[in-house]
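Chains as they are written, first to last, in my numbering: chain P, 7 to 634; chain C, 16 to 349.
Some clues are possibly wrong.
Partial list, derived from the structure: chain C residues whose beta carbon lies under 8 Å from chain P [claimed, not checked]:
no., residue
1, Pro59
2, Lys60
3, Leu336
4, Gly343
Cβ pair distances, simulated, as ranges [claimed, not checked]:
no., chain 1, residue 1, chain 2, residue 2, range
5, C, Ala195, P, Gly383, 39 to 45 Å
6, P, Asp459, C, Arg35, 29 to 35 Å
7, P, Gly551, C, Gln324, 57 to 63 Å
8, P, Glu66, C, Arg330, 35 to 41 Å
Just so you know, the hints here were simulated from the structure itself, not pulled from any lab data. Given the structure is predicted, the values throughout are model-derived calculations rather than measurements. Positions of the beta carbon are idealized from the N, C-alpha and C atoms, including for glycine.
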Amino acid sequence: MELAEEKLDEHHLDEKEVVDVVVRFAGDSGDGMQLTGTNFTQATALYGNDLSTFPDFPAEIRAPVGATFGVSAFQIYFGAEDVTTAGDALDVLVAMNPAALITNIANLVEGGLVIVDRGAFTAKNLKKAKYECDPLKDGSLDGFRVLDIDISKQVLAAVESFGLTHKGALRCKNMWTLGLVMWLFDRDRQSTIDSLNAKFSSKPEIAGSNIAALNAGHAYGETAELPAGIHVYKVPRAKVLPGTYRNVTGSSALAWGLIAGSELADIDLLFASYPITPASNLLHELATRRDFNVNTFQAEDEIAAVCAAIGASFAGSLGITSSAGPGIALKAEGIALAAATELPLVVVNTQRGGPSTGLPTKTEQSDLNMALYGRHGDTPMPVIASSTPIDCFEVAIEAVRLATKYMTPVMLLSDGYLANAAEPWKIPDVSTLKPFPVNYHSQAEGFKPSLRDKDTLARVWAKPGTAGLEHRIGGIERSYDTGDISYDPSNHQKMTDMRHAKVAGIANDIPLQKACLGEGSGKLAVVGWGSTFGAIHQAVKRARGEGLDVSHIHVRYLSPLPRNLGEILNNFEAVLVPEMNTGQFVNLVKSEFLIDAEGLNKVAGQPFKIGEILAAIHKKLATLESEA
Amino acid sequence: MNQALAKLTLKDYASDQEVRWCPGCGDYAILKTIQKLMPEFNQPKENQVFISGIGCSSRFPYYMNTYGFHTIHGRAPAIATGVKLANPELDVWVITGDGDGFSIGGNHMLHVIRRNVNLQILLFNNEIYGLTKGQYSPTSQTGTRTPSSPQGSVDSPLSPCGVALGAGGTFIARSIDTEAKHLAAVVTRGHDHDGASFIEILQNCPIYNDGIFEQLKDKKIAANFKVVLIHGEPIIFGLEKEKAISLNRESLQLEVVEVSGNEDKILIHDENNKILATMLATMSAPDFPVAVGVIYREEKTSFIDDSYQQLIKAREVKSSLEELLHSGHTWEVE
Chain P
7 MELAEEKLDE HHLDEKEVVD VVVRFAGDSG DGMQLTGTNF TQATALYGND LSTFPDFPAE
67 IRAPVGATFG VSAFQIYFGA EDVTTAGDAL DVLVAMNPAA LITNIANLVE GGLVIVDRGA
127 FTAKNLKKAK YECDPLKDGS LDGFRVLDID ISKQVLAAVE SFGLTHKGAL RCKNMWTLGL
187 VMWLFDRDRQ STIDSLNAKF SSKPEIAGSN IAALNAGHAY GETAELPAGI HVYKVPRAKV
247 LPGTYRNVTG SSALAWGLIA GSELADIDLL FASYPITPAS NLLHELATRR DFNVNTFQAE
307 DEIAAVCAAI GASFAGSLGI TSSAGPGIAL KAEGIALAAA TELPLVVVNT QRGGPSTGLP
367 TKTEQSDLNM ALYGRHGDTP MPVIASSTPI DCFEVAIEAV RLATKYMTPV MLLSDGYLAN
427 AAEPWKIPDV STLKPFPVNY HSQAEGFKPS LRDKDTLARV WAKPGTAGLE HRIGGIERSY
487 DTGDISYDPS NHQKMTDMRH AKVAGIANDI PLQKACLGEG SGKLAVVGWG STFGAIHQAV
547 KRARGEGLDV SHIHVRYLSP LPRNLGEILN NFEAVLVPEM NTGQFVNLVK SEFLIDAEGL
607 NKVAGQPFKI GEILAAIHKK LATLESEA
Chain C
16 MNQALAKLTL KDYASDQEVR WCPGCGDYAI LKTIQKLMPE FNQPKENQVF ISGIGCSSRF
76 PYYMNTYGFH TIHGRAPAIA TGVKLANPEL DVWVITGDGD GFSIGGNHML HVIRRNVNLQ
136 ILLFNNEIYG LTKGQYSPTS QTGTRTPSSP QGSVDSPLSP CGVALGAGGT FIARSIDTEA
196 KHLAAVVTRG HDHDGASFIE ILQNCPIYND GIFEQLKDKK IAANFKVVLI HGEPIIFGLE
256 KEKAISLNRE SLQLEVVEVS GNEDKILIHD ENNKILATML ATMSAPDFPV AVGVIYREEK
316 TSFIDDSYQQ LIKAREVKSS LEELLHSGHT WEVE
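Use the sequences and the hints to build the structure in full.
Following this line, the structure appears as structure tokens:
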């Protein structure tokens, strides 16, 4: 079922100054759209706009040229006010071929600008995109501003002096186009020039030709006579807090959060993982960070990865493993071993569309039930979720803290959108982060592997190499008193109760839930978790702008839930829970708090649009109104 | 700290746990041999770690008064790899069986051997699933009748040492549960080896597969059914040392020959010859004797050492988190 969606206020590029803009670069997977988008993002950040990006690429690495399923896109939303999503509809679409046009044009606002490479609109490419007529000629683009340029021809002329092959010269098309879009929004090209020089430092002719193409695209905008209504647009700078900023993706922020966690815990990390989309970037990032207290291990499979992590934790490091849904399913037995033996373990799940292989490069939140319940036996484990790319940093630190303090596996939920999306980050002052050093047991006298902290119920961590603490642990149920194997019925009850109490007790060690926008009571609470944050935030902000009584509550701690969550939710007349699944969190809310919460569910592999949530808010408030 | 200063004994290595294998199980003999052997390595007891999967053999760590981890089915090699990566100083032993190591855990076994992780793997091969009450295992002979194969199994058995060689193993050996002296000697050599030492121990299960190795163990006849490999020595067996292993140069296959009259054709065991090792590892009855001893050995840098060297290199320059967060493009907002 398609969700109802409200069109947001659109600027239609009629004015010279616009508050915010959504641009999408789309082309073949080999067209370099991700690189184009990344460079535009950098220039936009330096310009001073707030922004959010959404790389949207196919699972095929190099799909056949011109195929619709091979279209790779990079979307950026930037503006003068706080931007938390990659935007609902497009103001500007850059389509490098017919396939990119046909798959994205429906999302362009009326009066929006479409830039196409006329040179790529050949009969062959039109056929591959399943166009019966040439859209540049049949009038189907009449409702838009159209800039159709033979970019291929322009590029060949611009880079002629570099003596590249025809194919090599055409590779600069993306930079030419970037130059043009930079002109359109008055961006500075220097950061791109610097990054091209750095990237191709050993191939100066490649760097030179790309820079020439970039400059030529920019010059084209300045000098060519463009159709009426296409001109330079000014997007005012955002008012943001003073400080040093950078762009960061969720993957990088999460990796750096794990490193920060290791420093705060004063512990070595072993990050053991098996490649899987969209989680692999975490392994790549940490593999280049072995100058910190991090070691990485690419295991032979998902099971070996979780097991190596558990082995490392047994030996006194913190084991971390990472995957996406199908891989997490394979790790389930290992996670339960960590729970049984009470060893710390962090499991990062970068969720993607399921079931099975599903949609590997698309985003979803459908592993919540697996995170909460997906283990054999009665095996609780803490589950926390990050809500924005930046938030991944803090949540990763929190995962390390909980795992080491409570000697338990912890599940950290991210998703494909968060992993790849980027936003500007006010770099935190790491000296203000509060350390939580781990304590290894060293006292041989009176030692038993079953000793535990009376408050946290955490078992002692006695690592091999410590004299006098030789002991055995294992998956067979252990005596509460001695740690030896025990099949005693009352002991199993006691251990099961202890495992539950330990995880439940974490509720006393996490912040109370607050509304992140609006009051803690009122008519409607929109409750989310994970990467729906941006869209909910914008929708609630707009609704509140209309004077509506709506609050946004975003839950980071999914197990255990914050102590006061039920109380807060009971302060509202209605609760709406948008989720990218069929209703996993809303069911938890219902069963935990006996609240008649309503789900807003989207499982399309794409993030929520602001307009979809706004429409649901209006509908829900109207229903409340009519019932009153 | 260093307990090695005072010489330990077998008793120091026996934990306080009651041993719960079936009476007559070959595991008792192996346990005793290992407990007796451990003091010989003259290492701090706290640095020794036994890691096992699931199965009868995998209860082993509970009975060793060292650090021990009884993990999950088939995964001991992966967990042991994590232990070694976290602390390369530890002396790690993997205890596994034919089902644990080559059925459910076959993949991890291949990779721990391929990577040459510095640890010892003791594979207790009784050619049967004991703990689950007697089903056929990946090393059971074809035709083995069990509760899950009442008409006889139709699977072909694999050769643990053959697979270990195929995976690129750098130390491959075989011994027998009750041959304490031979077992201790082989395990000692495995322990001395830098890398993954794979040791298959033929072990009798008196309940579900009793007597399958009897020909190799019965002192009266064993010499006819097994050949003890010694590096640099001719490969001779038989009660009267009258038989030998030779290479048929026409068919490129091993054959059993009489010593008498074939003195110049008898193969000399060379631990470093992988082709020979592959042929010796897979010799089986009725045509051939079973080879015991060190079948193959190769000097090769170990995974943990190589990985550790990379870490040391990466950490030559100590980085700060603050620098990391500020790396790449940043900008100031006034």
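Here is how each hint holds up against the structure:
no.: 1; hint: Pro59; in the structure: 7 Å, holds
no.: 2; hint: Lys60; in the structure: 6 Å, holds
no.: 3; hint: Leu336; in the structure: 5 Å, holds
no.: 4; hint: Gly343; in the structure: 6 Å, holds
no.: 5; hint: C/Ala195 with P/Gly383: 39 to 45 Å; in the structure: 40 Å, holds
no.: 6; hint: P/Asp459 with C/Arg35: 29 to 35 Å; in the structure: 32 Å, holds
no.: 7; hint: P/Gly551 with C/Gln324: 57 to 63 Å; in the structure: 60 Å, holds
no.: 8; hint: P/Glu66 with C/Arg330: 35 to 41 Å; in the structure: 39 Å, holds
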